[in-house]
Amino acid sequence: MISSMPLLEARGISKGFFGNPVLKGISISLQPGRVHALLGENGAGKSTLINLLSGALQPDGGEIAVDGKAVSRFNPGAARAAGVAVVQQELSLASELSIAENVGLGAYPRRFGLVDYKALAEQVKTVCDMVGLTEALDTPVGDLSLGRRQMVEIAKALFLKPRVLILDEPTSSLSAHEAGILSALILKLRDQGIALLYISHRLNEVRALCSHVTVLKDGVVTADQPLAGVDAEGLVKLMVGRDPGDLFPTWEAVLPGEERISVTGLSAGMVRDIDFSARAGEIVGIGGLVGQGQEDFLLGLYGALPGSVKTARLCERDGLFSDVGAANAAGLAYVPADRKKEGLVLPHSIATNLLMPSLGKLTKNGFRDRGAEKNTVLQLASRLMIKGDTGRPVQALSGGNQQKVALAKWLPLDPSVLLLNDPTRGVDIETKREIYLMLRGFAAEGKLVILLSSDTPELVHLCDRVLVFRDGRTVAALQRAEITEEAIVGAAMGLTSREAA
Amino acid sequence: MTTRSISSSGLYRAIQSRRNRGLGGLYIVVVAFLLLYVWLFPGIVSIGGFSKFTQNWFPLALVTMAQALLMLNGGITLSVGPLVSLGAVIAATSMGGFAGTWGGIAAVAAIGLGIGAITGIIVAHLRLPAIIVTLAGSFIITGIALLILPRPGGFIPGWFSDLLAGNTPVAFCLLLVAIAGWKLFMATPAGLGMYAAGENPVGAFRSGVSVERVKVAAFAISGLLAALAGLFVAAQTGSGDPLIGNPFTLNSIAAAVLGGVGFLGGKGTMRGAICGSLLLSVMINVMFFLGFPPVAQYVAQGLIIVGAVAIPELTAQRRKK
Amino acid sequence: MNPVSTAVRGLFRSPPLLTFLLVALVWLVASLTLRGFGAYGHLRYLLELSAVIGIVAAGQTLVIIMGGIDLSVGAIITVTAILLPLISPAADPSGIVGIALALAIATGIGLLNGAGAAYLRVPPIIMTLAMATFLQGLLVMVAGGSAVSVTNASVIWLGQARPLGIPAGVILWIVVAISVLLILHRTPMGSRFLALGANPVAARLSGISITRNTLVLYALSGFFSGVAGILILGMNRQGYVGIGDPYLLTSIAAVVLGGTSILGGRGTYAGTIPGAILLVTTTALITIVNASPGWRSIMFGSLILALLLISGREARR
Numbered sequence: 001m002i003s004s005m006p007l008l009e010a011r012g013i014s015k016g017f018f019g020n021p022v023l024k025g026i027s028i029s030l031q032p033g034r035v036h037a038l039l040g041e042n043g044a045g046k047s048t049l050i051n052l053l054s055g056a057l058q059p060d061g062g063e064i065a066v067d068g069k070a071v072s073r074f075n076p077g078a079a080r081a082a083g084v085a086v087v088q089q090e091l092s093l094a095s096e097l098s099i100a101e102n103v104g105l106g107a108y109p110r111r112f113g114l115v116d117y118k119a120l121a122e123q124v125k126t127v128c129d130m131v132g133l134t135e136a137l138d139t140p141v142g143d144l145s146l147g148r149r150q151m152v153e154i155a156k157a158l159f160l161k162p163r164v165l166i167l168d169e170p171t172s173s174l175s176a177h178e179a180g181i182l183s184a185l186i187l188k189l190r191d192q193g194i195a196l197l198y199i200s201h202r203l204n205e206v207r208a209l210c211s212h213v214t215v216l217k218d219g220v221v222t223a224d225q226p227l228a229g230v231d232a233e234g235l236v237k238l239m240v241g242r243d244p245g246d247l248f249p250t251w252e253a254v255l256p257g258e259e260r261i262s263v264t265g266l267s268a269g270m271v272r273d274i275d276f277s278a279r280a281g282e283i284v285g286i287g288g289l290v291g292q293g294q295e296d297f298l299l300g301l302y303g304a305l306p307g308s309v310k311t312a313r314l315c316e317r318d319g320l321f322s323d324v325g326a327a328n329a330a331g332l333a334y335v336p337a338d339r340k341k342e343g344l345v346l347p348h349s350i351a352t353n354l355l356m357p358s359l360g361k362l363t364k365n366g367f368r369d370r371g372a373e374k375n376t377v378l379q380l381a382s383r384l385m386i387k388g389d390t391g392r393p394v395q396a397l398s399g400g401n402q403q404k405v406a407l408a409k410w411l412p413l414d415p416s417v418l419l420l421n422d423p424t425r426g427v428d429i430e431t432k433r434e435i436y437l438m439l440r441g442f443a444a445e446g447k448l449v450i451l452l453s454s455d456t457p458e459l460v461h462l463c464d465r466v467l468v469f470r471d472g473r474t475v476a477a478l479q480r481a482e483i484t485e486e487a488i489v490g491a492a493m494g495l496t497s498r499e500a501a
Numbered sequence: 001m002t003t004r005s006i007s008s009s010g011l012y013r014a015i016q017s018r019r020n021r022g023l024g025g026l027y028i029v030v031v032a033f034l035l036l037y038v039w040l041f042p043g044i045v046s047i048g049g050f051s052k053f054t055q056n057w058f059p060l061a062l063v064t065m066a067q068a069l070l071m072l073n074g075g076i077t078l079s080v081g082p083l084v085s086l087g088a089v090i091a092a093t094s095m096g097g098f099a100g101t102w103g104g105i106a107a108v109a110a111i112g113l114g115i116g117a118i119t120g121i122i123v124a125h126l127r128l129p130a131i132i133v134t135l136a137g138s139f140i141i142t143g144i145a146l147l148i149l150p151r152p153g154g155f156i157p158g159w160f161s162d163l164l165a166g167n168t169p170v171a172f173c174l175l176l177v178a179i180a181g182w183k184l185f186m187a188t189p190a191g192l193g194m195y196a197a198g199e200n201p202v203g204a205f206r207s208g209v210s211v212e213r214v215k216v217a218a219f220a221i222s223g224l225l226a227a228l229a230g231l232f233v234a235a236q237t238g239s240g241d242p243l244i245g246n247p248f249t250l251n252s253i254a255a256a257v258l259g260g261v262g263f264l265g266g267k268g269t270m271r272g273a274i275c276g277s278l279l280l281s282v283m284i285n286v287m288f289f290l291g292f293p294p295v296a297q298y299v300a301q302g303l304i305i306v307g308a309v310a311i312p313e314l315t316a317q318r319r320k321k
Numbered sequence: 001m002n003p004v005s006t007a008v009r010g011l012f013r014s015p016p017l018l019t020f021l022l023v024a025l026v027w028l029v030a031s032l033t034l035r036g037f038g039a040y041g042h043l044r045y046l047l048e049l050s051a052v053i054g055i056v057a058a059g060q061t062l063v064i065i066m067g068g069i070d071l072s073v074g075a076i077i078t079v080t081a082i083l084l085p086l087i088s089p090a091a092d093p094s095g096i097v098g099i100a101l102a103l104a105i106a107t108g109i110g111l112l113n114g115a116g117a118a119y120l121r122v123p124p125i126i127m128t129l130a131m132a133t134f135l136q137g138l139l140v141m142v143a144g145g146s147a148v149s150v151t152n153a154s155v156i157w158l159g160q161a162r163p164l165g166i167p168a169g170v171i172l173w174i175v176v177a178i179s180v181l182l183i184l185h186r187t188p189m190g191s192r193f194l195a196l197g198a199n200p201v202a203a204r205l206s207g208i209s210i211t212r213n214t215l216v217l218y219a220l221s222g223f224f225s226g227v228a229g230i231l232i233l234g235m236n237r238q239g240y241v242g243i244g245d246p247y248l249l250t251s252i253a254a255v256v257l258g259g260t261s262i263l264g265g266r267g268t269y270a271g272t273i274p275g276a277i278l279l280v281t282t283t284a285l286i287t288i289v290n291a292s293p294g295w296r297s298i299m300f301g302s303l304i305l306a307l308l309l310i311s312g313r314e315a316r317r
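Protein chains in written order, with UniProt numbering: chain D, 1 to 501; chain H, 1 to 321; chain V, 1 to 317.
Keep in mind the hints are simulated off the structure, nothing from the lab.
All C-beta atoms in this analysis are idealised placements derived from N, C-alpha and C, irrespective of residue type, glycine included.
Take the hints with a grain of salt, since some may be wrong.
Result set (DMTMM-like, lysine to aspartate or glutamate): computed pairs, CA atoms no more than 25 Å apart in a straight line [claimed, not checked]:
(1) D/K387 x D/D338
(2) D/K46 x D/D323
(3) H/K183 x D/D323
(4) D/K46 x D/D231
(5) H/K267 x D/D428
(6) D/K24 x D/D323
(7) D/K46 x D/E169
(8) D/K432 x D/D471
(9) H/K267 x D/E90
(10) D/K310 x D/D323
(11) D/K24 x D/D428
(12) H/K183 x D/D116
(13) H/K183 x D/E122
(14) D/K188 x D/E135
(15) H/K267 x H/E313
(16) H/K267 x D/E135
(17) D/K237 x D/E259
(18) D/K361 x D/D389
So the derived list for chain D, only partly shown, Cβ under 7 Å to chain H, looks like this [said to hold, decoys possible]:
(19) L105
(20) Y108
(21) L114
(22) Y117
Isolated chain D, as found in the complex:
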């Protein structure tokens, strides 16, 4: 294929947040009439790249070029002027406005300062026909199913008559029929000379639609090549594989003890109809691409998200927990992924945060027992190796130490089940090592650890078994010997385990 002038290019761009580099000098070039796939694991830097290409973020180094010419300040306005439209994963719709009013939002045709509804109807009808939206244009978006709303979102991007169209996981909530329409549309747009960037975790879609692929891993490009001739396993191999070094402890599986959790038919939030059981002394990994229902699964077990089950036995108790307090009393503890928003009370002191779950326990005659509290805090601080004054606000600590506080605050309750939601996200290497040691230690003590992780090597090196989630269901249950990065990523991407193996 002869490559023509690229419509939009990133040239050696870098971007970091708070000193953590996310993209390290990567280049990508979107050509007219080509569907370009962007692949990568969780946290590889895909979202950051999309934000840079749409002007929502500015690069720290390198440049963005439109039609071969570098643009000095590529902000959202410049992106719009260059004809870049993005279909984001989260919807940008207003549910009480009609389809037409949503599609045209931000780019309404006007007459005498008012929205020209006649012109709007005609223009919206054109793009709705393209995406196969047959609903009346006056339908409020709130009346549509999630899949139909996604199609409205795509129509909204097309309404801008883009030259470059970026689609971030556009099919995640679409039915097979809708996905088929979208595929045909993408090929048609390609033939009209539009440059498309397609991000998806459905490898078979990628292979059917795209002719070129860029693979990101840890912020660098590991492949930038035509897709022809690369098979699915080859793609998975390009995304995974990092030398873990001595990051992970060596451990022996302990003999699983009594059953701590056993649920059948659990549905909560995104999660649909899951059967699951786990025993004391296990670390059960939960993997999959971000947002496939893993978090809702943990929250459902924890009583923080209302759900339903056929049968449930949690820590010798029947049924789901009605609230978090009941779950804590039964011996469950939960460490959330977003420690700043959900795990810690940032302006409060380290000591206050460490004592939060055990306040009711450390009392004497109904009053707080200062002595017992002090001892508890001292013990935890020494166990965590947090030096200095525990009266400092917890926000003064590094990310790693904050995470240790969010985890350690549960220890005074001596929980028998730990539900951990991505406990090492944004944590430095040294703290990661400590956390891994702690986790295996918990298992050795006979606790049950359920470890949700977006970091695949963690699942491989720490877990006794791994469940992989996709679209709110478990698509693979891997035993110790079967756990490899390829198997996890392959299952997450929708390959059958046979293909990935």
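Following the hints, complete the assembly by docking chains H and V onto the known chain D.
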């Protein structure tokens, strides 16, 4: 399957009629209460009776619009009542003096717009909760009204009172003008953007809506409407009273909630809110005719707010179980 | 580090102490410049007035710390002040039964506020505003517009007696202050209020029940408003509609003057105590210089807005 039976030129009308259909239940309740009222007080079906009735409704309708506008944009205001008082006080002190009637009207409008815009700037640009900012604002505005006119008094030209609150349905016509103005605004890109930003500010921002500017505009228009309601109240009573607006704060929220406007933004419609204000106005009148003392309306308002929020919430909770 | 500079810096980091110093300074300067200000009787009178505001602000402090604002405190004071004379049984000469009944009603109203916020998800500010309006209407309907005089012996004693030369109201305030400080800083519940105010999501995921604490919180606020209502009744000897109105604004102002963040999650009643005294003192001073109620409203409103701007800036950092 719903096909596109409507021609493309009818899109605007189709959207409007669909919104009306969604409010069918509310319309029926409002009509039922109106019929009850006509039955209790047949005098309403005369020019004079209709005029008086709409004059009682008019200020409530205006403050409800002022409130609903902000609630639809994801905010709320607790300074509606004090702004009504301030509008009344400014009208009563300026019209007889240097400014004249028209100057007084302009002064009320300018102050309402200005105070609304300042509040909006604080809320939007400093990212502070609207409910607390407007609570503090309500104290300041009340204070200003008390400084301008410490006790009821002032002067409103007789012809002006007669024009607005006489035996002609001028107030009703003005309400129609206000509603037409709102419909016009909601047909502009800014109006639709304001609505979209109420429910999904991030999405609206990504779609190119200037979310902060829209919010400041919403507060400014809201302030204008509340101050004009004060102007009308001053004309109605023939004088200014620095505390006359106080009941309007809760009234405006009650009417908006009764009309289906939600606390979380982007939920509900202005026509629903206006129906809510009509319903509340009729309820107060009916209670009056049934012999309840005037203060009973306070009891009713408290119950209406809690009920209007509670009933949907309870049904939703029951459905979940 | 230099111990003196550390102490000075610690002082400026402690809003309660700062407010106390401000009060001392204002009293000193006013006593030296204004005739009669420094007289024992006048200062005692200021403290008596502060006691009322301080007791109302006790509940308000807890509510604001947990991230809400109780707009019904004024109405609950009025309810207590009007109902107490009516429900005090004549058969009980001590008047204790009447006080207990009135406090139960006040606490019950607070509990209803909490139930509306917790179970019906009405925003607490709206819930308490609706409650205030409701009570205002109900009172006029039940009690009529006229004032009721109190004959309850305990209430009169509370409002008038001065054991050891100290007004009984001030003693009551001391008792309330100790209880609130204990609740806030020495019980698990106080820590839960603080955690819920600073980060409700994290608190909930740590097993702290939002529902239960909201109920207790507003019940406490109702209770303290009831206590204040009884004290006001004793001092005034009669209750009437509107008697509690001035205390809404002053209670909020006293709380924020004491350094409690109006956005919740940070604060202490130890700051509200000098906050109430400072408020009463400045009000007395501006009354001397003949400031109108308008100026007072502007002053309090601006104060709340200014402290909101400061809290907001700190919260964003």
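Okay, the hints, checked on the actual structure:
Proposed proximity of D/K387 and D/D338 is supported: the alpha carbons are some 24 Å apart, at most 25 Å. Between the alpha carbons of D/K46 and D/D323 the distance comes to roughly 36 Å, so the proposed pair goes past 25 Å and is violated. For a cut-off of 25 Å, the pair hint linking H/K183 to D/D323 is broken: about 46 Å separates their Cα positions. Only pairs whose Cα atoms come within 25 Å are accepted, and D/K46 paired with D/D231 is accepted, the gap being roughly 21 Å.
Of the pairs offered as hints, the one joining H/K267 and D/D428 is violated, with about 43 Å between alpha carbons and a cut-off of 25 Å exceeded. Note on D/K24 and D/D323: the hinted pairing is violated, with a Cα-Cα distance of about 44 Å set against a maximum of 25 Å. Between D/K46 and D/E169, the direct Cα distance comes to roughly 11 Å. Compliance with the 25 Å bound is thereby established for this hinted pair. For the hint pairing D/K432 with D/D471, the CA-to-CA distance comes to about 29 Å; that exceeds 25 Å, so the pair is violated.
Using a Cα cut-off of 25 Å, the hinted pair H/K267 and D/E90 holds, with the two alpha carbons roughly 19 Å apart. About 19 Å separates the Cα atoms of D/K310 and D/D323, which keeps this hinted pair within 25 Å; it holds. A threshold of 25 Å between alpha carbons decides the hint, and for D/K24 with D/D428 the separation of about 18 Å falls inside it, so the pair holds. Pair hint H/K183 plus D/D116 holds up; C-alpha atoms about 14 Å apart against a cutoff of 25 Å.
Distance restraint check for H/K183 and D/E122: the Cα-Cα separation of roughly 22 Å lies within the 25 Å cut-off, and the hinted pair is therefore satisfied. Between D/K188 and D/E135, the direct Cα distance comes to roughly 22 Å. Compliance with the 25 Å bound is thereby established for this hinted pair. A hinted pair counts as satisfied when its Cα atoms are at most 25 Å apart, and H/K267 with H/E313 qualifies at roughly 14 Å. A distance of roughly 22 Å separates the Cα atoms of H/K267 and D/E135; the hinted pair therefore holds under the 25 Å criterion.
Distance check on the hinted pair: D/K237 and D/E259 sit about 36 Å apart at the alpha-carbon level, beyond 25 Å; violated. The straight-line distance between the Cα atoms of D/K361 and D/D389 is roughly 23 Å, inside the 25 Å bound, and the hint therefore holds. Proximity of D/L105 to chain H holds as hinted, the smallest CB-CB distance being about 5 Å (cut-off 7 Å). For D/Y108, the interface hint holds, since its Cβ comes within 7 Å of a Cβ in chain H; the closest pair sits about 5 Å apart.
A hinted interface residue such as D/L114 counts as satisfied when its beta carbon comes closer than 7 Å to some beta carbon of chain H; here the least separation is about 5 Å, so the hint holds. A least Cβ separation of about 4 Å between D/Y117 and chain H falls short of the 7 Å threshold, and the interface hint therefore holds.
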